[in-house]
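Start from the sequences, fold in the hints, and give me the full structure.
Number of protein chains: 2
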Amino acid sequence: MFEFKILAKDGKARVGKLKTPHGEIDTPVFMPVGTQGTVKAMTHSLLEDTGAQIMLGNTYHLYLRPGTNIIQKAGGLHSFIGWNKPILTDSGGYQVFSLAQGRYGDRKSKVKVKEEGVEFRDHLAGDIHLFTPERVIEIQEIFGSDIIMPLDECVEYPIDKEYAKSALERTIRWLERSLKVKTNKSQALFPIVQGAFFEDLRVESANKTVEFDAHGYAIGGLSVGEPKEIMYRMTQVVTEILPSDKPRYLMGIGKPEDIIEAVYRGVDMFDCVIPTRTARTGTLYTSEGTLNIRQEKFKDDFSPIDPNCGCYTCKNFSRAYLRHLFVAEEISSYILNTIHNLSFYLSLMERIRTSILEGKFEQFRQFTLEKLLKRV
Amino acid sequence: MFEFKILAKDGKARVGKLKTPHGEIDTPVFMPVGTQGTVKAMTHSLLEDTGAQIMLGNTYHLYLRPGTNIIQKAGGLHSFIGWNKPILTDSGGYQVFSLAQGRYGDRKSKVKVKEEGVEFRDHLAGDIHLFTPERVIEIQEIFGSDIIMPLDECVEYPIDKEYAKSALERTIRWLERSLKVKTNKSQALFPIVQGAFFEDLRVESANKTVEFDAHGYAIGGLSVGEPKEIMYRMTQVVTEILPSDKPRYLMGIGKPEDIIEAVYRGVDMFDCVIPTRTARTGTLYTSEGTLNIRQEKFKDDFSPIDPNCGCYTCKNFSRAYLRHLFVAEEISSYILNTIHNLSFYLSLMERIRTSILEGKFEQFRQFTLEKLLKRV
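Residue numbers (the working numbering), protein chains in the order written: chain U, 1 to 376; chain E, 1 to 376.
The set of hints was computed from the structure by calculation and includes no laboratory data. Keep in mind that a hint or two might mislead.
[To be verified] Below 20 Å or equal to it, Euclidean Cα-Cα: the simulated EDC-like pairs (lysine to aspartate or glutamate) are: (1) E:K85 <-> E:D49; (2) E:K40 <-> U:E240; (3) E:K315 <-> U:E48; (4) U:K73 <-> E:D301; (5) U:K40 <-> E:D301; (6) U:K315 <-> E:D301; (7) U:K9 <-> U:E240; (8) E:K112 <-> E:E156; (9) U:K315 <-> E:E48; (10) U:K73 <-> E:D300.
Below, the structure written as structure tokens:
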């Protein structure tokens, strides 16, 4: 049901193919985020046109709305949302620690981490819920996602080492409980490495995590405010320990430059709201750097966002028109911007794969990183 | 450049083909409204997939934003918005009398109708502008729309007869001035019949209007709050006078039942924001009546909006999923709902044309009107 083949390596960077029950995925892969069962401002068909091979769904949101019972009645998440390609769902842990906490006050009072699980008030109705490792697996088994994630404890940056250690140990105990209740063999569970921003804790967490046999492993708890060097360093420390024949997923990351740096350190899978979220604020990626389409200077610029881009938006519309749509607050602005940014990300992944296959990844990395940091 | 062929008649209903510089249009036609150079929640490609053959643009909005000079620099409206099919633009008159007036106080103080033209404050910056018949033609010649409309004076319902008469006479004088300055022969100007809700004024306006040779004629000033019987009656009075070999455009109308009743009275062209606007509030058309997708009862209804509809939304998604997207305020809800409603309208037009070609329009009309008024 699951199989991961590495087709080429260039340094630590790898090109692979991950087989799942709903289709194959080329890695390194970027997984667009479809929080509530839809990628924002996209239809599934528009999403597929950008080159997306897998969609990520958020267990926290889908559990709250439409609710697990509706998805169960529909016969699972694929059937409910009408998407026949692979789906990865997260554990809801990250959202509990960010959304629930963010809206209803400080963490101590509203999000209670107990050995049993994590208690929280949701950000919609404000009701109290309990996510346990067992419940989170049960929910995702109802969803029928191809790849599921166990409940883990995410900590913020900065964090004291003692708390970080207890969180990573709890994450391991929760992993053990998760695997005990998991029954569906057509779903792959990826254990999550924690350990915050401490090299020795990351090593400890990775070593303990790989003792559990799995179809793939995830690196969690990064890109929460720490400096980039720490993010890259922690990633590297962990990938050096993770088994080389299994896919590695760096959760919630990231900017194009972060993805390139993580591929360089041996990561295979990524997800992030950046391309879709920034699209809705007018920030667009190009091969010559980023731009914000709202800017006055684009009002009579009749060139495409990026002449090197082959997406629907760039092939048909000018910066001037896209600026007009953005300023006029047209929904089509969000659609066309999102098509472009996702196409940019997915084409970046394709160019990463090609450069690895051709043994030119290091060259590609240097060239692209320099461009990415410019402003158009 | 322009040619109108009537291919079949059934009673007063007609099937025709209207040739324009940017392509042919099958009539009776429904023209989706792309107020600011985009149909709301659509890309042009999604719009074409619904069967749209022509888009309507609003001169008032496009003149204000992005501004005529930007559209001129782009080489016209088709080029600016990247739409290569026919475009009809209105004169801006209706928006002046609704939007500008609605937002900045009562008509007497903010919208000044003079013989020269109409002075108004715009609804965005609140600046004062003057639309004259000449200026409105000049703007639309810059746009390069296939079909353009002359400035007319729209009156509200109810209105006293004396004012209605003076407005229709002014509309005729403005028409004369419009035709005098019109230079571009690759644009067709459709004179507009006014006369409010008085049969004799409609007759007077129609008779005076058809003295001006044109590629088509429009009926304006209806669907502004008057009872349906008056709308239908005024339409009939006018179509009986308009030349039978020219297309007839009933402006701003309407609901599916209004379109059927107007086709029955010999109208060929329609535009209305109803299918797109109601889609964004969750109201969806089906072959068994209308429904609002927000309703609780659809939460676990896994059937399509309309099993008889072949649109992307109905072929791929359930009412339960569409309800979820609507409640979750996802942009994809607006996209998918709009795809469906426009597909419903454009398929309705196709079924109207087929029934006329087959000589079964009266049967179709009776059967469809009954269904349209139901609630699902």
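Against the structure, the hints come out as follows:
The suggested pairing of K85 of chain E with D49 of chain E holds, with an alpha-carbon distance near 13 Å, which does not exceed 20 Å. Simply put, K40 of chain E and E240 of chain U have alpha-carbon atoms about 50 Å apart, too far for the 20 Å limit, and the pair is violated. Restraint check: the Cα-Cα separation between K315 of chain E and E48 of chain U comes to about 16 Å, which is no more than 20 Å; the hinted pair holds. Taking the CA atoms of K73 of chain U and D301 of chain E, the gap is near 10 Å; set against the 20 Å cutoff, the hint holds.
Distance hint between K40 of chain U and D301 of chain E is unfulfilled; the C-alpha atoms sit about 23 Å from each other, more than 20 Å. Restraint check: the Cα-Cα separation between K315 of chain U and D301 of chain E comes to about 39 Å, which exceeds 20 Å; the hinted pair is violated. Among the hinted pairs, K9 of chain U with E240 of chain U is consistent with the structure: their alpha-carbon atoms are about 15 Å apart, no more than 20 Å. As the CA atoms of K112 of chain E and E156 of chain E are separated by approximately 15 Å, the hinted pair is consistent with the 20 Å bound.
Distance check on the hinted pair: K315 of chain U and E48 of chain E sit about 16 Å apart at the alpha-carbon level, within 20 Å; holds. A C-alpha spacing of about 7 Å is found between K73 of chain U and D300 of chain E, which places the hinted pair at or below 20 Å, so the restraint holds.
Checked against the numbered hints listed earlier, the structure breaks hints 2, 5, 6; every other hint is satisfied.
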